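Chains as they are written, first to last, in this note's numbering: chain W, 42 to 541; chain P, 6 to 258.
Since the hints were derived computationally from the structure, they do not count as laboratory data.
Computed from a predicted model, the values in this text were never measured in an experiment.
Accuracy of the hints is not assured; some may be wrong.
Stated by the list, open to error - Partial pick of chain W residues on the chain P-facing surface, computed with a CB cut under 7 Å:
#, residue
1, T296
2, D409
3, R413
4, E438
5, N439
6, N484
7, E500
8, G531
Unchecked claim - Some chain P residues judged to face chain W by a derived CB distance under 8 Å, without partners named:
#, residue
9, P167
10, A173
11, S174
Said to hold, decoys possible - A short list of chain P residues far from chain W (calculated; beta carbon distances all over 12 Å):
#, residue
12, V29
13, A116
14, I211
We put the beta carbon where it would ideally sit given N, CA and C, even for glycine.
Here is what each chain is made of, one letter per residue.
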Amino acid sequence: MTYTRTNVYNLPPAPEGEWPDWYLWYAKGVQALQALPLTDKFSWRYYAAIHGFNAEKWEEVDQYTLGEYLPGKDERDIYWDQCQHRSWYFLPWHRGYLYALEETLRDTISKLPNGPDDWSFCYWNYYEKGQNSIPAPFLAKLMPDGTKNPLYIEQRRRFTIPSSQIGRWALKQPYFTAWLILAGFGGPKTGFMWSGTDNGALENDPHNIVHGTIGGLMGRVVTAAIDPIFWLHHANVDRMWEIWVRAGGKNPTETDWLNGPIPSNNGRVFTVPRVSDPAWTFTPCDMTSIAALGYTYDSFAVREDDDVSSADVTIQPAPDRFQALPKPSIGRPSGVGAMPFATPELVGAQDGPVTVVGYETDTTVEVDNSARPKLASMMASPGNTLGTGNQLAMKIENVTGNYDAVTLSIFIVPPTTTDLSGASDLLVGSIGLFGLEEASDPNGAHGGAGLSFILDLTEVISGQGWQGEDVTVRIVSLDPVPNWANITIGKISIFLLAGG
Amino acid sequence: MPPGSWPVVRGVVLVTIGAWVLAVLQDRGLFLPTFCAMTVLTPTAALASLDLAFALNPPGRLAAGWALMLAAMMTPLLVIPLLHVRAGALARRRLQMMAAFLLAYAAVWMAAGAVLLPVAILLRLVTPSPWILLGLIIPPVLIWQASPARQHCLNRRHARPPLPAFGASALVAAIRFGAAQGFWCIGACWGLMLAPLLLPHGHLPIMAAVALWQFAEHLEPPEPPSWRWRWPRTAARSIAWRLRNRRRPAMAP
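Using the sequences plus the hints, can you model the full thing?
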């Protein structure tokens, strides 16, 4: 049987004052799992702890009581704190994670009186017009029958994802694995990675941004999966992976990914309890086909008014601008037929760390004098573009702090503008700081190196009359960034990948 | 491996091989004091022997031996920090920045040698037998190896600070990064580095064993500091996993 994950906004309508059945069954399923103790592998909190657990932070949000029984350390070392972030395992791990809980919920719901036996997750497509708000039943304190609503989470900060905050540029990524100055659709090659540094394109936007915009439990890695909306968000992320594949994207074919994870943390593997196998282990290879997993989605359009094959949505497996680049001789990432091989060159950087506070922070990226003539000569191409084969990217590195629920939109001020109001600023992209606390931990994976993002600058800068001058970067936050968040960007750089 | 890695990797491999070839070819005395047969039981005799020891091992020679030992054992640990420096430097300043990093790293380790070598010599002189010395030195070293403080040192070696690109601040940052790497490296490695200095025989095999251990250890991911004995298992697991995968190809996606 193939289960279909439906757009949560397209459920059959319910009578006034009622909820569509899907919500009722999801709420009842969640409620049943919430009633189980934390030591039960099939409890709601156990699944959340598989994503991440921190006793202190769970206690803060009333999800854990000090002294409450936990599973033994050996068991926690196998199951808990497992989510893969800033890693090429991000997508397959989360697919397996959703798959396991969906099966557990289906089993639980089917055993409830009159419970359906074909229940599956819905997805929340915040890209769709009029659907960028958390669905109403998640915001109601009570269920239609007047009982407590388990889908309601008090700590959520925002209920709507502004359409200006999320982009679809991840779908344009030609390669799954990060390479050169491309963030990669799926992220950088790593071993088992609970908290890495470099964000893949889809992981940053929309994944991180949606987490951070909702905030509350969703805003932190160690509490995110407690919020029932988490699963609808990740179903949409999972759907976007399938959209990318259907549009021609190639998953990695190397064994390091397919048979992963590469053992880098006490030999951990991906292990999530399933009803049919409480110690179920899986590899990315097992996650490459949703048909083989027995589920599908009701739509594979990012937005219903989009044609998936249109150029602004779909990826370009071999974009024209890469055609002129020499082919790689070594180190070619898998899943790629023809790869550019060149060394990116740092051509500009801002001097010293930037502290991000309030709504807006400006900084200047100084362009190296020796690089200006080359950039000016490239920009002399027709249409004031960089010319075929040349790429420009902005790298935002060493982002540290102690507040994850922040989304920063990165603008550049057009080089020729006299308008300082911000109205003509050019959006390079948005970055979500989900995972910031863990990445800033000096005892974390990269010694507190923080988060890192790569945004494409090639198209943004084209046609703007830029001749290699210094670039004013404007960092804008939807909500004011508080002082206590200590959010610092260590370095903003501009890299050139010259393919000519 | 990040782009542009190959020249760095090649340089590190060449320096490491060169240092090991020199180490094998050189007289053992270049590395280590040649007073291991002495038996010193009194402070007066120890002081006399100290003079003799330093006469036989002039500071310049000791420093050269120490530098060679560092080149052989520590260079392989520098690939990732060097790549970080390279990636964050303007093309015209890559060599300069990497050289500044290396000099700072080496300077810190050489300063550590100025402490560790005389201590090693003194310990050898005042202890009747090298085996007794080992018996005395092993417990505190093992305690340090299992300590949270050492895990903190291991963790800090994973730090990748932002490096400015322009002006003197770029050089200063590279120097600070090199010095910090050296400092945390000393904290992580000093205990094991004593082994080739104090053991009476088999220095080269011991050096090789310690170098391999340290290389494997630097591949371990950071962990919360705690009292715990740590085996560097990631490298072994990774090799075994790859060998297994080679025999059992992945399923077609």
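**OP:** Of all the hints given earlier, name the ones this structure violates by number, lowest first.
**Re:** Failing hints, ascending: 3, 7, 10.
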